[in-house]
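Heads up: the protein sequence lines correspond to chains R and Y, in order.
Here the first sequence is numbered in the working numbering, starting from 1 and rising by one per residue.
Here the second sequence is numbered in the working numbering, starting from 1001 and rising by one per residue.
By construction, these hints were calculated from the structure, which means they are not laboratory data.
Glycine included, each C-beta is placed from N, C-alpha and C at the ideal position.
Hints may be right or wrong, so weigh each one.
When the alpha-carbon atoms are kept at most 25 Å apart in a straight line, the in silico DMTMM-like pairs for lysine to aspartate or glutamate are as follows [to be verified]:
| no. | chain 1 | residue 1 | chain 2 | residue 2 |
| --- | --- | --- | --- | --- |
| 1 | Y | 1026 | R | 82 |
| 2 | R | 41 | Y | 1007 |
| 3 | R | 36 | R | 18 |
| 4 | R | 36 | Y | 1007 |
Just so you have them, the derived chain R footprint on chain Y, three or more residues with Cβ under 8 Å [unchecked claim]:
| no. | segment |
| --- | --- |
| 5 | 1006-1018 |
| 6 | 1054-1065 |
| 7 | 1101-1107 |
These are the residues of each chain, in order.
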Amino acid sequence: DTAVSQTPKYLVTQMGNDKSIKCEQNLGHDTMYWYKQDSKKFLKIMFSYNNKELIINETVPNRFSPKSPDKAHLNLHINSLELGDSAVYFCASSHMGDGKKETQYFGPGTRLLVL
Amino acid sequence: SQQGEEDPQALSIQEGENATMNCSYKTSINNLQWYRQNSGRGLVHLILIRSNEREKHSGRLRVTLDTSKKSSSLLITASRAADTASYFCATGLIQGAQKLVFGQGTRLTINP
Chain R
1 DTAVSQTPKY
11 LVTQMGNDKS
21 IKCEQNLGHD
31 TMYWYKQDSK
41 KFLKIMFSYN
51 NKELIINETV
61 PNRFSPKSPD
71 KAHLNLHINS
81 LELGDSAVYF
91 CASSHMGDGK
101 KETQYFGPGT
111 RLLVL
Chain Y
1001 SQQGEEDPQA
1011 LSIQEGENAT
1021 MNCSYKTSIN
1031 NLQWYRQNSG
1041 RGLVHLILIR
1051 SNEREKHSGR
1061 LRVTLDTSKK
1071 SSSLLITASR
1081 AADTASYFCA
1091 TGLIQGAQKL
1101 VFGQGTRLTI
1111 NP
């Protein structure tokens, strides 16, 4: 009964490969997010989807493409992986509907290592 | 550029003592939130304070917000070993979705 889950937890891959990270939330939230945490623990938002619509799109290389098949899922596809993509990627969700509840619930993270 | 800056970057205290962490930010906000991250884990929401609030309590946590100084503080009273973690402040701005901008965190170590 995990609230926000991510797969895989660990991902080790070669430079130039394409990989996907999946995120699912069972909280009934309407908004989902992707964050990147670098080696210095700096956490930065990448994307946000509300009801499957892209709302926030920070300055992220277009090698990163989020996809939201439904409100409960937000996947992140990364093309042509580079060494600098190595980080921990966190998915989060919140409910922005009536009442604008601002708390975000985070997944456990996906640790990506590009060799 | 990064919104929040936290001070100190690392804090080590004895169990039972109080821990205070500070956060400063630069632009307008709707709210400010504090999160905890245990080593190798995801972030856990601790407390949220809205821009029209000055102080908020939750259990052993006390958060203050001074919008004129663009700063916030998190106080953990009667610290426990289990409080050892990294603590992040995040400013929230609602732009369609809630955009959270995180500080670099304070690494808190509680010594038994």
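Cut-off 8 Å, C-beta pairs, minimum 3 residues; does the coverage of the segment 1101-1107 of chain Y by chain R stand?
holds (count 4)
Are the Cα atoms of residue 41(R) and residue 1007(Y) separated by 25 Å or less?
15 Å, holds
Count the residues of the segment 1054-1065 of chain Y whose Cβ falls closer than 8 Å to any Cβ of chain R, and tell me whether that reaches three.
violated (count 0)
Keeping to a limit of 25 Å between CA atoms, is the pair of residue 36(R) and residue 18(R) held or broken?
With Cα atoms ~17 Å apart, residue 36(R) and residue 18(R) stay inside 25 Å; holds.
Hinted pair residue 36(R) and residue 1007(Y), Cα distance within 25 Å
22 Å, holds
Please work out if residue 1026(Y) and residue 82(R) have their alpha carbons no farther apart than 25 Å.
Violated, because 32 Å separates the two Cα atoms, which is more than 25 Å.
Residue count check for the segment 1006-1018 of chain Y against chain R: does it reach three with CB-CB under 8 Å?
violated (count 0)
Checked against the numbered hints given earlier, the structure breaks hints 1, 5 and 6 and satisfies all the rest.
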